[in-house]
Amino acid sequence: MAHVELRTVRKSFGALEIIKGVDLEVKDREFVVFVGPSGCGKSTLLRMIAGLEEITDGEVLIDGVRVNDVPPDARGLAMVFQSYALYPHMTVADNLGFALRLASVARQERSAKVLAAARILQLEPLLERKPGQLSGGQRQRVAIGRAIVRNPKVFLFDEPLSNLDAALRVQMRVELAKLHRELKATMIYVTHDQVEAMTMADRIVVLNQGRIEQVGSPLELYHRPANRFVAGFIGSPTMNFVEVTATTVSDQGVAIQLPGGAVMTVPVDGAGVSIGDKLTLGARAEHLKVAPSGVLRGEVMVVERLGGLTYLYVQLTPADLITVHAEGDLPVKVRDVVSVALEPKSAHLFRRDGAAIRHLGGGPPAT
Amino acid sequence: MANVMQSGGRKRGRGREVRTGPLIAPAVLPLIVWAFVPLAVSLWFSLLHYNLLDPITRFAGFDNYSYLLTDPSLLDALWNTLALVVGVLAASIGLGCLFAVLLDQEFYGRSVARLLVIAPFFVMPTVSALIWKNLLMHPVNGLIAYITRSLHLGVIDWFGSWPLTSVGIIVAWQWVPFATLILLTAIQSLDREQVEAARMDGAKSVSMFFFITLPHLARPIAIVIMIETIFLLSVFAEILVTTNGGPGDASTNLTYLVYKTALLDFDVGGGSAGGIVAVILANVVALFLVRTVARNLD
Amino acid sequence: MAMRRKTKRKIGMTVLGWAVALLVAFPIFWMTLAAFKTEIDAIATPPLLFFSPTLENFAEVHSRADYPVFAANSIFISVSATAVAILLALPAAYAMAFHPSKRTKDLLLWMLSTKMMPAVGVLIPMYLFFKAAHLLDTTYGLILIYILMNLPIVVWMIYSFFRDVPKEILEAARMDGARPLQQVSMLLVPLALPGIASTALLSIILCWNEAFWSINLTATQARPLTAFIASFSSPEGLFWAKLSAASLLAIAPIVIFGFMTQRQLVRGLTFGAVK
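Protein chains in written order, with my numbering: chain A, 169 to 535; chain B, 190 to 487; chain C, 53 to 327.
Pulled out of the complex, with its shape left as it was, chain A reads as follows (with noise of 0.2 Å):
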């Protein structure tokens, strides 16, 4: 069993407060990730629980023991970091066994472990080598593979994929993803990649200056975002926001007038909303369509054309710049004029807070 909860843990710098309070739980053997914009806290909060930055307030357990005043290596956690953090001057598997050697475990059941981790990340080739003579990619397996020897209870991971370029990114969140399923341990990753959050997670928990915004799976971060934060950091393209007035609320919805002039109603508990009111519509760009009878109205400013698919950059006013998925091949040019169509059901109403306004029918769409 390797289970974490967070009790209203808090963290400051002098006066500087990082972690304003923060609740979570991680169940045993999920995944989950904490993704943010830089200097949420993310990075801080992975560390309290490593053990590594002192608990300001609030407690850490780990299988429901109270670990804030419990040494790191006492935790039952491995921790990969960002920079991988190898030890230089000693080969892999002097890298690998280094706590074993600490805990003095015997050279025999050493070189077992060191070559079962090796076996794992098919690191066997490597083992007489020193980090300076490995690739990056290479060098990140030493350092995910120095963390299983350990058997945590509990894996750490520090934006382990940042340095590394792009392809052999996609190439190690395949591995990650294999690893948990292999290794069914308990796996807290923190990243600000929100792709790598909604590809690998299976839960993800969104920080933004020191505080969770929210906490749930990448679909119903994608389809229920809480707020406005929530639905600007996930997904990618982000998603569109444009102010509109509400015109009626019924038990429809809430009716918007849309720059341009046209009215929608969208399908949202109109509960505290009232006539007049200012709110942002949210609409992501891959539910936006260009077609004739479409609410929005604008001139294409940049066409982006990755081949299987189109971005467009429709400007609707001065104040609006749009973006619209297309399919590869549609025929639009820049300066075109075109409309574009948004399906009630996929838009979501923000108020002036940023809180969401819920929709009416509950959870995400079914996949």
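Rather than coming from a laboratory, the hints here were simulated on the basis of the structure.
Each residue gets a CB set at the ideal place from its N, CA and C atoms; glycine is no exception.
Among the hints, a few may not be true.
Here are the simulated distance ranges between beta carbons [stated by the list, open to error]:
id : chain 1 : residue 1 : chain 2 : residue 2 : range
1  : B       : F398      : C       : R215      : 28 to 36 Å
2  : C       : S165      : B       : S262      : 27 to 35 Å
3  : C       : K62       : B       : F225      : 52 to 60 Å
4  : A       : Q290      : C       : K62       : 22 to 30 Å
5  : A       : G232      : B       : E382      : 53 to 61 Å
Simulated crosslink set (BS3-like; lysine-lysine; CA at most 30 Å straight-line) [what the hints assert, rightly or not]:
id : chain 1 : residue 1 : chain 2 : residue 2
6  : A       : K188      : C       : K183
7  : C       : K219      : C       : K157
8  : C       : K157      : A       : K281
9  : C       : K183      : B       : K449
10 : A       : K321      : C       : K167
11 : C       : K62       : B       : K393
12 : B       : K393      : C       : K183
13 : C       : K60       : B       : K393
Following the hints, put chains B and C in place on chain A, whose structure we already have.
Coordinates of chains B and C only, in the frame set by chain A:
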């Protein structure tokens, strides 16, 4: 929640892990004693009439200081000290910059040439003084004398006619390499891309030097000035070995004056007063330097 | 065309660069020559560039009863002072590099400021103290002073080299179960060893060349090479070749050390401000 300071330690410990007090104390405590105790004793002595040849030691108040401050030797020494420091600094920075730029250029055998230019800094001051005094500047057997004689320019009596300058040459010979080393290292840390951008903008050697290299060197030059000043104020061995401060007081600097007073005249009181003056001078210079030049240090 | 221009420039620079280099290093070169001349040759006019070299000066220097003693003193003093300074500095540098507090920077700057105090200001108290404590003309006395003299630089340099070791490596070791002492001995010191070595060399160079305390606080027994050479300040014409030989032996190791550690020297000599 951090541990309370250890007695004698100067640091707060960090929570449960490591207490820094006992780690730092062995290095810091001796320095504290070294920094304050001898100085305090010097101060005390300077207020005494205390001569190792005189059986009576009595309190003298500021007598030593008033005697010292009216002694023309002190003024000479102060002037010589300043002249020496400023002269060697000027040579160090001027030649140091030029040599550094030169050694930064690509040429054959550059690394060996670099070693040759830097070597004098590592030579013992007593040895360097003797080389210059006996082998080069000696009016009879020295190489320079030979050269000037061959050119029918007569012979320069270096230490007789130009004692302070001669000492300055010897000291500069050792410190220009130091400046060169520092500045060369700094030049080589100059961002290559900046140089290339300047070249694209049309900068040739001279303008490159003035607009790109020199501003980048401003900080290292400041550092060289600060460090050299500390050491140049205390030039001693070169004077001892060549002129003994003479003729008269012509090449006596403050350090040598105190040495003479204390160890040759056995005047502890007077010597201590001189020493205190040297300390005050050093502090004034340091303050001045730190204010005007070290704003961007570290 | 550009190739030729570039080569012409390179040749021009070569001439200029070597002219400067030879001019600057000339005194050392000249002294080296003198060391291999007979005394007569050494004071010959015109000064001889070509002569039949001899090793008799070196032989005589070595056979003198006292020269080896002076050399041994220099070695003993420099190495001991360096060793002790490093031992004292290692824990301090570790604490300041990895467990800094608000006052760490101030502390380091203060330590450096103790070097700004002119030695002459405390010459008398130290002399009298040494006399009373029977430390005059002992190597231990000089070692004590040199430790205090070099501690600031040694601490600063080791601190700076420790900071170069990525913090994450030590954290990884901590996660692996290494206690602070193990982190230091198994990771930090091996990784910072080149830096510590050059710090040691710099300290040895500074001790070896120190020419104020060594002259004033020693007489015959503890006299190191600096003071020995200084005692030949009155010119005796028949002595120069031997003096040159002795000087050459005295400076050779240090000049070589200096060459070996140039890069790191810069860091130490500028208190880390220039890297």
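Is the gap between the beta carbons of G232 of chain A and E382 of chain B within 53 to 61 Å?
Roughly 56 Å apart at Cβ, these two residues keep to the hinted range, so it holds.
Just to be sure I understand the hint, the distance between the Cβ atoms of F398 of chain B and R215 of chain C should be within 28 to 36 Å; is that true here?
Roughly 33 Å apart at Cβ, these two residues keep to the hinted range, so it holds.
Does the structure keep K183 of chain C and K449 of chain B at a Cα separation of 30 Å or less?
Holds, at about 18 Å.
Does K157 of chain C lie within 30 Å of K219 of chain C when you go C-alpha to C-alpha?
Roughly 18 Å between the alpha carbons, so the hint for K219 of chain C and K157 of chain C holds.
Agreement of K157 of chain C and K281 of chain A with the hint, judged by alpha carbon distance not exceeding 30 Å
violated (44 Å)
Assuming the hint says 27 to 35 Å, is it satisfied by the Cβ distance from S165 of chain C to S262 of chain B or not?
holds (29 Å)
Pair hint K321 of chain A and K167 of chain C, alpha-carbon separation not exceeding 30 Å
violated (53 Å)
Range hint compliance [Cβ, Q290 of chain A to K62 of chain C, 22 to 30 Å]:
violated (50 Å)
Holds or violated: K62 of chain C and K393 of chain B, Cα atoms, limit 30 Å.
holds (16 Å)
Taking 30 Å as the top limit, are the C-alpha atoms of K393 of chain B and K183 of chain C close enough?
violated (63 Å)
Take a quick look at whether K188 of chain A and K183 of chain C sit within 30 Å of each other, Cα to Cα.
Judged against 30 Å, a Cα distance of about 64 Å means the pair is violated.
30 Å Cα cutoff - pair K60 of chain C, K393 of chain B
Holds: K60 of chain C and K393 of chain B sit about 16 Å apart, inside 30 Å.
Violated hints, listed in ascending order, are 4, 6, 8, 10 and 12; each of the other numbered hints is respected by the structure.
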